[in-house]
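All chains, full assembly: derive it from the sequences and hints.
Here the protein sequences come in this chain order: G and R.
For the first sequence, the working numbering begins at 1 and goes up steadily by one.
For the second sequence, the working numbering begins at 132 and goes up steadily by one.
Honestly, I wouldn't trust all of these hints.
Stated by the list, open to error - Result set (DSSO-like, lysine-lysine): computed pairs, CA atoms no more than 27 Å apart in a straight line:
#	chain 1	residue 1	chain 2	residue 2
1	G	Lys109	G	Lys130
2	R	Lys570	G	Lys109
3	R	Lys427	R	Lys570
4	R	Lys427	G	Lys126
5	R	Lys579	G	Lys29
6	G	Lys80	G	Lys102
7	R	Lys570	R	Lys537
8	G	Lys3	R	Lys570
9	G	Lys29	R	Lys147
10	R	Lys157	R	Lys537
11	G	Lys78	G	Lys130
12	R	Lys537	R	Lys147
13	G	Lys80	G	Lys104
14	R	Lys570	G	Lys6
15	R	Lys579	R	Lys541
16	G	Lys130	G	Lys80
17	R	Lys217	R	Lys147
Please keep in mind that the hints were generated in silico from the structure rather than gathered at the bench.
Here is what each chain is made of, one letter per residue.
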Amino acid sequence: MEKRIKILVAKPGLDGHDRGAKVVAQALKDAGMEVVYSGLHRTVDQIVRIAVQEDVDVIGLSIMSGAHLPITEKLIRKAKEEGIGDKMVVVGGVIPSRDIDKLKQIGAKGVFPSGASFQEMIDFLKENVKA
Amino acid sequence: MGLANYSRDDADRIVKVAYPSGIDVKTVYGPEDLERVGFSYEADLGDPGEYPFTRGIHHEGYRSRAWTMRQYSGFGTAAETNERFKFLISHGSTGLNVAFDLPTQMGYDSDDAMAEGEVGRVGMAVDTLRDFEIAFKDIDLAGIGASLTVNAVASIILAMYQAMAEKYGYSPKVISATPQNDILKEMIGRGAWIFPVEPAVRLIGDTIEYSMTTMPRMNPVSVSGYHIREAGATSAQEIAYAILIANAYIDSVLERGYDIDRFVGRFSFNFNIFGNLWETVAKFRAGRKLWARNLKERYGVKKPQNMFMRGMFGGGGYGLTKQEPENNIMRGAYYGLAAALAGAQTTGLCSYDEAYTIPTPHAALLSLRTLQLLMEEVGLRDTVDPLAGSYFMETITKEMEEKIEKEMEKIEKAGGIVQAVSTGYAQRTVARQAYEFEKGIQSGRLRKVGVNVYTSETPREVELHEYNYASAEHQVESLRDVKQTRNNRDVARALSELESAAKQGRNVMPVLVDCCRAYATIGEMTRVFRDVFGEFVEPSIV
Chain G
1 MEKRIKILVA KPGLDGHDRG AKVVAQALKD AGMEVVYSGL HRTVDQIVRI
51 AVQEDVDVIG LSIMSGAHLP ITEKLIRKAK EEGIGDKMVV VGGVIPSRDI
101 DKLKQIGAKG VFPSGASFQE MIDFLKENVK A
Chain R
132 MGLANYSRDD ADRIVKVAYP SGIDVKTVYG PEDLERVGFS YEADLGDPGE
182 YPFTRGIHHE GYRSRAWTMR QYSGFGTAAE TNERFKFLIS HGSTGLNVAF
232 DLPTQMGYDS DDAMAEGEVG RVGMAVDTLR DFEIAFKDID LAGIGASLTV
282 NAVASIILAM YQAMAEKYGY SPKVISATPQ NDILKEMIGR GAWIFPVEPA
332 VRLIGDTIEY SMTTMPRMNP VSVSGYHIRE AGATSAQEIA YAILIANAYI
382 DSVLERGYDI DRFVGRFSFN FNIFGNLWET VAKFRAGRKL WARNLKERYG
432 VKKPQNMFMR GMFGGGGYGL TKQEPENNIM RGAYYGLAAA LAGAQTTGLC
482 SYDEAYTIPT PHAALLSLRT LQLLMEEVGL RDTVDPLAGS YFMETITKEM
532 EEKIEKEMEK IEKAGGIVQA VSTGYAQRTV ARQAYEFEKG IQSGRLRKVG
582 VNVYTSETPR EVELHEYNYA SAEHQVESLR DVKQTRNNRD VARALSELES
632 AAKQGRNVMP VLVDCCRAYA TIGEMTRVFR DVFGEFVEPS IV
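In structure tokens:
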């Protein structure tokens with residue numbers, strides 16, 4: 001039996017806009033994935049710790065405040081430090097199109113700005129996650 | 132949310148219209164519908180300015196006074212924000228609505244590790260009284276009121292506002308501040324909470340009490356259905372939850388032994404507008420009536436003017452789109468129209484680029500002009516509650532009333548609003564609805580222009596408001612400067628006094644004002660509260 005993809009949907013930083021994160025979490029759950037939701041106001045350290053503890057396959061960051069570049073960079077660096085640099089990182093939220101490449105250069109494997117469909121995310125994760 | 136559910140046949144004829152609040156809309160309405168719902172002018176409407184205020188809280192509506200236009204603004208440093216305030220005022224804005232950055236809202240100083248990347252990003256960075264002195268320089272604080280969009284640390288920001296006003300020679304008796312100060316909605320739909328429910332509500336009680344003793348022109352709370360709606364609630368739930376939340380705050384003040392007529396009249400509300408015009412207008416008309424009835428029948432409020440549902444009706448963020456952003460200009464015009472038809476006292480429009488960024492000056496100006504056009508050219512000042520008597524509007528207003536009451540009952544069955552928030556019942560309800568709505572958009576069942584119908588091939592990039600790293604650094608330097616030049620002994624003494632007040636259950640407001648005068652920082656004051664009160668633990672939602 002195929003092992004379910006386990007994804008941490010995380011809300012880093014102080015931003016309290018969690019509608020998108022909760023909606024995506026429900027969609028991924030309905031698509032058969034195991035979803036851990038971090039809750040609000042998590043530091044990068046806390047997110048990485050949860051990812052380690054829960055042994056997730058993917059870390060998904062939901063960022064609505066515009067701070068996606070510094071946060072993603074910090075998270076990927078911390079993930080490497082904690083030995084889970086091989087985990088896929090995806091980012092969603094309020095992301096101007098000109099930042100998509102920048103995020104990928106930083107190390108985000110998938111970027112899903114607002115307007116991205118559930119199907120896009122699900123297909124991407126199923127195709128790219130080595131579960 | 133906000134979009135009607137349309138069922139169409141193969142010829143694209145609309146065969147069914149259902150509003151998210153649960154109202155089915157007929158093709159045609161007539162006198163028989165008013166009979167069916169038992170409509171009575173005296174019982175259901177009353178004249179404008181008369182109980183139950185369905186038609187409006189003022190006798191003359193906009194004939195006596197145009198609405199107050201309050202655009203949400205603030206970013207970067209206090210100096211930059213002061214510039215934007217003056218810009219808006221010079222262009223006809225009649226009220227300030229201050230945006231604070233996330234570190235400020237969450238009680239962190241600009242040099243805190245938690246503030247990294249966020250200083251001045253989504254609003255003004257405030258660390259000490261010095262920032263407020265700069266932000267409000269040359270502003271007529273007696274003439275212009277300031278909404279302070281802050282919640283968890285509202286008491287601190289309000290104290291700082293008073294300390295700043297005093298420095299400019301304004302007594303607390305003449306200044307008009309409206310801290311948003313609604314923590315329960317934060318827990319449901321906005322996320323800028325810090326402390327657990329009980330101490331957070333107690334702080335709100337302290338500010339309401341302070342409005343009686345010290346700041347009579349303060350509107351101590353702006354109970355916000357707005358964000359609950361943004362999170363996925365229907366219009367009926369928006370009003371239902373807001374009334375229940377307001378009642379929770381009322382109850383906390385009544386426990387201190389005050390007579391409700393002394394304070395409830397200064398409560399204000401903040402409601403959302405997007406999507407369907409008719410459901411929106413019905414929501415406000417029904418909401419005014421239910422709030423007034425709630426105060427009269429449940430609480431025995433005596434003075435009619437204390438029963439007003441005074442509010443900022445506007446927005447509405449969720450309705451706007453990243454795709455084809457100029458459509459948001461037109462959406463804004465329709466939302467403004469809805470606000471005027473609903474009789475909003477105060478309004479503000481999200482700017483068309485707000486799906487991306489803090490409003491640019493141009494976008495902010497367009498929003499302001501939209502509102503001015505309605506008042507000056509389109510005729511919305513002509514008469515009060517122009518839709519009254521419409522077979523359609525009166526029928527759906529009555530039906531909306533019923534739907535709102537039903538939503539209130541559901542919460543009561545779940546243990547009341549405080550319980551519903553602590554256990555996550557309210558949060559789960561709106562999150563599930565948000566998911567259903569998104570599925571509707573993605574499947575095309577719900578049509579959104581520019582998003583899934585009538586889309587354009589080439590996306591058009593919007594001019595962005597750039598994050599100013601230099602401005603953030605400048606802020607940190609200023610903070611360092613303040614800490615070096617202030618009297619640290621005074622600060623320590625004031626903070627110690629704050630800790631005692633917090634622990635002993637005394638009203639913290641006067642002590643907070645002392646702390647602010649001594650240039651204590653937001654972070655220092657919040658840390659005292661965090662130590663004494665602890666932090667809210669989010670219930671699981673997914």
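Hint check:
| no. | hint | verdict |
| --- | --- | --- |
| 1 | G:Lys109 x G:Lys130 | holds (13 Å) |
| 2 | R:Lys570 x G:Lys109 | holds (25 Å) |
| 3 | R:Lys427 x R:Lys570 | violated (41 Å) |
| 4 | R:Lys427 x G:Lys126 | violated (58 Å) |
| 5 | R:Lys579 x G:Lys29 | holds (26 Å) |
| 6 | G:Lys80 x G:Lys102 | holds (19 Å) |
| 7 | R:Lys570 x R:Lys537 | holds (25 Å) |
| 8 | G:Lys3 x R:Lys570 | holds (26 Å) |
| 9 | G:Lys29 x R:Lys147 | violated (32 Å) |
| 10 | R:Lys157 x R:Lys537 | holds (21 Å) |
| 11 | G:Lys78 x G:Lys130 | holds (21 Å) |
| 12 | R:Lys537 x R:Lys147 | holds (23 Å) |
| 13 | G:Lys80 x G:Lys104 | holds (16 Å) |
| 14 | R:Lys570 x G:Lys6 | holds (22 Å) |
| 15 | R:Lys579 x R:Lys541 | violated (30 Å) |
| 16 | G:Lys130 x G:Lys80 | holds (18 Å) |
| 17 | R:Lys217 x R:Lys147 | violated (49 Å) |
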